[in-house]
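Chemist: Chain by chain, the residues:
Number of protein chains: 2
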Amino acid sequence: MRATTLHDLKDIRFTEVPDPVIEAPTDAIVKITASCICGSDLWNYRGDNTITPGMTIGHECLGIVEEVGSSVTSFRPGDFVIVPFCHCDNTCPHCLAGVQSACTHVGFTMSGQAEYTRVTQAEGTLYKVPGDPGAELMPSLLSLTDVMATGWHAAVAAGVRKGGTAVVVGDGAVGLCGVIAASVMGAEKVIAMSRHADRQKLAMEFGATHIVATRGEEGEAEVLELTDGVGADAVLECVGTGQAMNTAFSVARPGAMVGFVGAPHGVTLPVRQMFVKNVGLAGGMAPVRRYLDELLPLVLDGRIDPGRVFDMTLPLESVADGYRAMDERTAIKVFLQP
Amino acid sequence: MRATTLHDLKDIRFTEVPDPVIEAPTDAIVKITASCICGSDLWNYRGDNTITPGMTIGHECLGIVEEVGSSVTSFRPGDFVIVPFCHCDNTCPHCLAGVQSACTHVGFTMSGQAEYTRVTQAEGTLYKVPGDPGAELMPSLLSLTDVMATGWHAAVAAGVRKGGTAVVVGDGAVGLCGVIAASVMGAEKVIAMSRHADRQKLAMEFGATHIVATRGEEGEAEVLELTDGVGADAVLECVGTGQAMNTAFSVARPGAMVGFVGAPHGVTLPVRQMFVKNVGLAGGMAPVRRYLDELLPLVLDGRIDPGRVFDMTLPLESVADGYRAMDERTAIKVFLQP
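So the sequence lines, in the order shown, correspond to chains A and B.
290 is the number that this note's numbering gives to position 220 of the first sequence; each next residue is one higher, with no gaps.
253 is the number that this note's numbering gives to position 183 of the second sequence; each next residue is one higher, with no gaps.
Hints in this document: simulated from the structure, not taken from any laboratory.
One or more hints might be untrue.
If several chains are the same, the list does not tell them apart, and a pair holds so long as it fits within one copy or across any two.
[Stated by the list, open to error] Under the rule of at most 25 Å between Cα atoms (straight-line distance), these lysine to any residue pairs were calculated in the SDA-like manner:
{"hint": "1", "residue 1": "K259", "residue 2": "L166"}
{"hint": "2", "residue 1": "K259", "residue 2": "A167"}
{"hint": "3", "residue 1": "K259", "residue 2": "C162"}
{"hint": "4", "residue 1": "K101", "residue 2": "R378"}
{"hint": "5", "residue 1": "K259", "residue 2": "P163"}
{"hint": "6", "residue 1": "K232", "residue 2": "C162"}
{"hint": "7", "residue 1": "K232", "residue 2": "G168"}
{"hint": "8", "residue 1": "K259", "residue 2": "G168"}
{"hint": "9", "residue 1": "K80", "residue 2": "T400"}
{"hint": "10", "residue 1": "K232", "residue 2": "P163"}
{"hint": "11", "residue 1": "K259", "residue 2": "T174"}
{"hint": "12", "residue 1": "K232", "residue 2": "A167"}
{"hint": "13", "residue 1": "K259", "residue 2": "T161"}
{"hint": "14", "residue 1": "K101", "residue 2": "I134"}
{"hint": "15", "residue 1": "K232", "residue 2": "T161"}
{"hint": "16", "residue 1": "K259", "residue 2": "K271"}
{"hint": "17", "residue 1": "K259", "residue 2": "R231"}
All figures in this text were calculated on a predicted structure; none of them were measured in a lab.
Put together the whole structure using the sequences plus the hints.
Modeler: Structure (C-alpha cells):
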C-alpha cells in the first residue's frame, strides 16, 4: 500500500510499504477513508522523538473494515468505524475503570496516514458509526479518534463544572476542542489563551467567552483579572511544553486542578507551587474509547462541530505539504483524503 | 516567655524570648497548654531549610486564649482552643472554597513550642473546643492542629472511596493519621508501607488491613500483588521525599490520584509516567480549619484516637531531647507539656 513515512528531520514522504496484515486473532485491517495530521506528529517531524528512517506515521483515521481476525465477532468487512488512536481490549480492569489508554493490551494506530491500517484489540477498540453519515460529518467524526476526545479528557481531568471558570492553555486543535468541552460541560466563563486571530475566532465560535492574547506573566495577570483575582476553577493544559504548564499552574486558583493532555516535552512540574497552592494535576493520554458513547451523539445531533478545526484539506499523497503547513502554523489541522 | 529556639544545625534550646504581643486587631495570644514536635520541624533541625539563629520553632499547639485584638469577637480570654498550624480569615474566596491553607491572609503558628503564641486572623483560625475535655483527650485534640488534619487531607486529595484500596506511603505520624482517615472513609484494603514494628502495630490498630515492610521496587511489587496486579485506587504520599513520591506513583493504578501532604524536598515529579498512566497528583499544605467540623466530633466521640501517635511525653523544657528522639527515630512523635 501507499503510506506516509518519515525518513529524517522534516523528511516526510508518501511511499510504497508492505500492506498491514492480520497478525493476531484480535486484529482488524481498516481501509482508511479519512485521516489527518496531529500536533503530536510534529514532535516526530521535528526530531524531538527518535526517528526510525522509513517509519510509518499517523494515528488518527476512520474507514471501512477490510478484514478481521478470527476472534473479532462484533465487526465485519464493510462496517464504517472510528479508530481510536489508542487501542484497547475494553475489558481489562484499567479499561473498566475508564482508563483505556492504559489497557493491559494497549496498542496504537501505526499507519494512520495511509491506505490501510492494522487495529489491535479490534473488538474493544473499534466503534461502529450507525446509519450513513454524510461527507460533511467526516471531519467531526475523524476528530473523535483523538483531538476531540483529548480536549474532552482535559476538561474531565480539570474538573470543569457548570457555572465555573475554565481556562484553556493552547489554541491548537486539542485546545480548541477543549473549549468545546468546557462549554458543553457548562462552564460560565471559558477563557481561551490564543495569540492567533483565526484561532481566536474559532474559539469564540466554539464557546469561549473571553480571549487572552498575551503570554507569560502578562497573560497570567490578564486571566487573574478576568477571574476577580481568584484564578480559574479548572485549567486545561493542551500544549505539553514547560511554558504552557507554568502558565496553567499560575492561573489556577488554589484547590483547582490542571487537566493535562499534551505529551509532556521539557516539562518540570512546579511541585513546591503545587504544594503551597494546593493545585493538582491530572490527565494524560486520553482514553478515547471511553468517551465515544458520549461524544458521537453530540456530533451526530450537530450539537458540536469539532471538525471545524480542519482548515486545510489535501489529498493524502500531498501529506508532506500538510506537515509543512502545520509546522509553519499556516494551518491549524490538515484533513487528508485518499 | 520561654520558648524553643533553633540556633544551628541540630542546636535546639529552650530559652527566654520576648513575649508575643497583639500586633493587629485580628490577632490573639494563646497560652499554650500542650504542644508537640512535627516531622516538618526536623527539616529545619537538620538544616534542610535556612536557619535564622535564635528563631522560635513549632507550629502545633492548643491552649487557652490569653488576649484578643479589638476585631476578634468570637473568642475571649479563657476559651480553650485548637490552633490550626496555618492561620486563615475563613472568609476569603480561597477559604470559602476549602483551601484555608492558601488564604489571602494566611499566617502560621511561629512559636508553637513555647509558653505563648500569637495567632493571626484569630476569628477565622481558632476553633473552640466545647465542654471540658479531660487530659486524656489532649493528645488527640492536639493532633487536630496538624497531623490528623494533614493525614485526612491526603486521603481527601487521593480520593479514597468506600470499598476501594488505599496505600499509605510513610509511617510517620501523618502517615499513621492517613491510615485512620482511609479507614474512616471506608477503604476496604488499607495498605500501610512501614518498616518499623512499633509503627506497623499502630497502623494495624488504626485500621490498616495490610503491612508492606519492604521499600523501593520490592515494596512496589508487594503492593501490586496485594491489589491483584492492578495497583491502588488511592495513594497517600505522607513523606515528601523523591523516593516516597516515586513509590506512590508506581503503586497507583492508572486513573488513580496520589494525595500528597509532605512538604516536598528533592522531589522531581515523573511527568511522563503520570501522562502514560493517567495518575494524578493533588493535595498540598492541609487546610486544617476546613476539616475541624468533621474531625472534632470523631475525637470527642472516641471514634478516632490519633493522639496515640504520641509515644513519648516530655516537659517542654526538655524539648531538645524530643528533637533528638524524633531525629533518631526512637520516637514517632513527642508530646510536650509546659
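Chemist: Hint by hint, note whether the structure agrees.
Modeler: Consistency of the hints with the structure:
1. For the identical chains of this complex, K259 and L166 are inter-copy neighbours only, at 20 Å across copies versus 33 Å inside a copy, given an alpha-carbon limit of 25 Å.
2. For the identical chains of this complex, K259 and A167 are inter-copy neighbours only, at 18 Å across copies versus 30 Å inside a copy, given an alpha-carbon limit of 25 Å.
3. In the homo-oligomer, the alpha carbons of K259 and C162 lie at most 25 Å apart only across protomers (21 Å), although the nearest pairing inside one protomer, at 38 Å, exceeds that limit.
4. Proximity of K101 and R378 under a CA criterion of 25 Å is satisfied intra-copy only: 24 Å inside one chain copy versus 66 Å between copies.
5. Proximity of K259 and P163 under a CA criterion of 25 Å is satisfied inter-copy only: 17 Å between copies versus 36 Å inside one chain copy.
6. For a Cα distance limit of 25 Å, the shortest separation of K232 from C162 across copies, 22 Å, qualifies, whereas the shortest one inside one copy, 32 Å, does not.
7. Proximity of K232 to G168 under the C-alpha cut-off of 25 Å is found in both arrangements, the shortest distances being 22 Å within a copy and 18 Å between copies.
8. When the C-alpha separation of K259 and G168 is checked against a cutoff of 25 Å, the pair qualifies only between copies, where the shortest distance is 21 Å, while the shortest distance within a copy is 28 Å.
9. In this assembly of identical chains, K80 and T400 lie within 25 Å of each other by CA distance solely inside one copy; the values are 16 Å within and 61 Å between copies.
10. For the homomeric pair K232 and P163, the shortest alpha-carbon distance between copies (18 Å) is at most 25 Å, but the shortest distance inside one copy (30 Å) is not.
11. Taking the shortest Cα distances, K259 and T174 sit within 25 Å of each other only across copies (23 Å), while inside one copy they are farther apart (38 Å).
12. Taking the shortest alpha-carbon separations for K232 and A167, both the intra-copy value of 24 Å and the inter-copy value of 16 Å come in at or below 25 Å.
13. In this assembly of identical chains, the alpha carbons of K259 and T161 lie at most 25 Å apart only when taken from different copies (23 Å versus 37 Å within one copy).
14. In this homomeric assembly, K101 and I134 come within 25 Å of each other (Cα to Cα) only inside a single copy, at 5 Å, whereas the closest approach across copies is 77 Å.
15. For the homomeric pair K232 and T161, the shortest alpha-carbon distance between copies (23 Å) is at most 25 Å, but the shortest distance inside one copy (31 Å) is not.
16. Within a single copy, K259 and K271 get their C-alpha atoms as close as 16 Å, which meets the 25 Å cut-off; across copies the closest is 51 Å, which misses it.
17. For the identical chains of this complex, K259 and R231 are intra-copy neighbours only, at 11 Å inside a copy versus 31 Å across copies, given an alpha-carbon limit of 25 Å.
When each numbered hint is compared with the structure, no violation occurs for any of them.
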